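Based on these hints, arrange chain Y on the given structure of chain C.
Chains as they are written, first to last, in UniProt numbering: chain C, 1 to 264; chain Y, 1 to 255.
Be a bit skeptical, because a hint or two may be false.
As the list claims (entries may be wrong) - Here are the simulated PhoX-like pairs of lysine-lysine, each with C-alpha atoms no more than 20 Å apart in a straight line:
no. : chain 1 : residue 1 : chain 2 : residue 2
1   : Y       : K169      : C       : K117
2   : C       : K250      : C       : K237
3   : C       : K248      : C       : K237
4   : C       : K117      : C       : K128
5   : Y       : K150      : C       : K24
6   : C       : K116      : Y       : K169
Hints are computed from structural coordinates only; laboratory data are not their basis.
If you're wondering where the values come from, they're calculated on a predicted model, not measured in any experiment.
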Amino acid sequence: MNKRYRPEHQETALEFRDVTYTHKGSQSAIFQHVQAEVKQGEFVSLLGPSGSGKSTFFRLAAGLSHPDQGTVFLHGSVPETRLGRVGYMPQQDLLLPWRTILENGMLPLEINGVPKKEAAHNVSAHLKAFGLDGVENQYPHELSGGMRQRVSFLRAVVGGSDILMLDEPFSALDSITRFMMQEWLLEQWQMAGQTLIFITHDIEEALFLSDRILLFTQPPIEGRFTEITVPLPRPRKENARDHPELLKLKRELINRMRGEGGII
Amino acid sequence: MNRWKSAGTSYAGAALLAAAFFIIWEAGARWYDTPYILPAPSAVLQRLWELADILFLVHLPATLLVIVTGLAVSIVCGVGIAVLMSRSRAVEKSVFPLLITSQTIPIIALAPIFVLWFGYSMWSKVAVTVLITFFPITVGAFDGLRAASKDMEDLLRTMGAGSWQIFRKVQVPMALPSFYSGLKVAVTLSVIGAAIGEWLGADAGLGYFSRRMMTQMDAAGVFAPIVLLSLLGIGLFLGVKAIEYATTKRGGRRS
Chain C
1 MNKRYRPEHQ ETALEFRDVT YTHKGSQSAI FQHVQAEVKQ GEFVSLLGPS GSGKSTFFRL
61 AAGLSHPDQG TVFLHGSVPE TRLGRVGYMP QQDLLLPWRT ILENGMLPLE INGVPKKEAA
121 HNVSAHLKAF GLDGVENQYP HELSGGMRQR VSFLRAVVGG SDILMLDEPF SALDSITRFM
181 MQEWLLEQWQ MAGQTLIFIT HDIEEALFLS DRILLFTQPP IEGRFTEITV PLPRPRKENA
241 RDHPELLKLK RELINRMRGE GGII
Chain Y
1 MNRWKSAGTS YAGAALLAAA FFIIWEAGAR WYDTPYILPA PSAVLQRLWE LADILFLVHL
61 PATLLVIVTG LAVSIVCGVG IAVLMSRSRA VEKSVFPLLI TSQTIPIIAL APIFVLWFGY
121 SMWSKVAVTV LITFFPITVG AFDGLRAASK DMEDLLRTMG AGSWQIFRKV QVPMALPSFY
181 SGLKVAVTLS VIGAAIGEWL GADAGLGYFS RRMMTQMDAA GVFAPIVLLS LLGIGLFLGV
241 KAIEYATTKR GGRRS
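Bound conformation, chain C alone (with noise of 0.2 Å):
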């Protein structure tokens, strides 16, 4: 846990080297030459305005999309493809509406050819853990909105990748929720230890959960993301939200992102 803290002598998860990518009908670049690192075991925020292009590097990292020049590095090495190796929980849910709960988990191992009482087998492990134990043969309409990401996070930890890519999956739910689902979320990673890149347009979220930000401003984004390191340490507490550390980096986020002149 204590290697932690100080994730610049670990080992790089996902690495963006010298990336230009363009949106297919597109003029102008999105990214230019960007080159970004994400260490192992790192909580690593993306953080800026929808159309800033936080999507889109998830869709690069999870190898949906191609970068049109440059490398996308996966623990040091070019893999064949990225597909498959790389955990993703969208936005939205995207639960399969005629699967139950444990059928949906199962889903990512199913489809790496896993039998099927195995996969079974594996998901229920989770679901005490997930708060889930209980309603594994309900369905997704079923249950509430926060449960539903639980369902969407457990889906995306049983597929096996060490590296997260976390897609808004708070947004929208309500505050108290959310709230819940923050420390619920910081308190799996402490245990689990996976590599988290969590995209959000929300500042305190950010600040709270990571170890580091990486700022999307207007596009094209060209280089090194501006970074922001929270100071904060680990593990985190509900009462870390009120650091005055916190509120000091938030003002200033705020104060950057204006005059950056991007909306938040």
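Relative to the frame of chain C, chain Y by itself:
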């Protein structure tokens, strides 16, 4: 509970309306008293009873065979075309306009041609049935296959799924409700298709029998097989509903 109650009242309304309709018909027919033009419902039922043997043992099976064969051909071809169209934009662009054009052809005008080609055999009737039923099946399946969102597909790809897995695990289950809607339309149309085919040239079948009674000025005899055709349509419809109920899971059936 409430659902059953409200379903009960809505069906009660339909039953009442139907009852009123038949009572007026019955009364009107008795008053008019020209059974070879307007037979009373009671006369139709009586005729149905008299003709039960030949209708149920000869003509109903003949029509049913046409319908089932026609629907089977339509499902296989329709779903096949729908899958091809959903996989390739080029196929969609080239096939879909033709499909729509095929529906503008007055099928009743084509039916005699089919008799010319296939003779009085079952296949001329099957051809009419296929022509009339494959369109709702194809469109239903195609719309359903397109219902899976891009986000859903992308999610499965990040899990390492190939296109066959995406097809099987997302697109097919997603397509079922829409496919069944198309199929429900198709089964009711299939009865019409078979009847038209038999009307124009056949030596067996409910449509053929109805027409033969026409030539004998037996109006009740014309209606008797029509009652059976209608019941057949309702039965097929309920059959599809039962299959739908069995193959789509509870969670997928929310509104």
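Check the structure against each numbered hint from earlier and tell me which ones fail, lowest number first. Violated: none.
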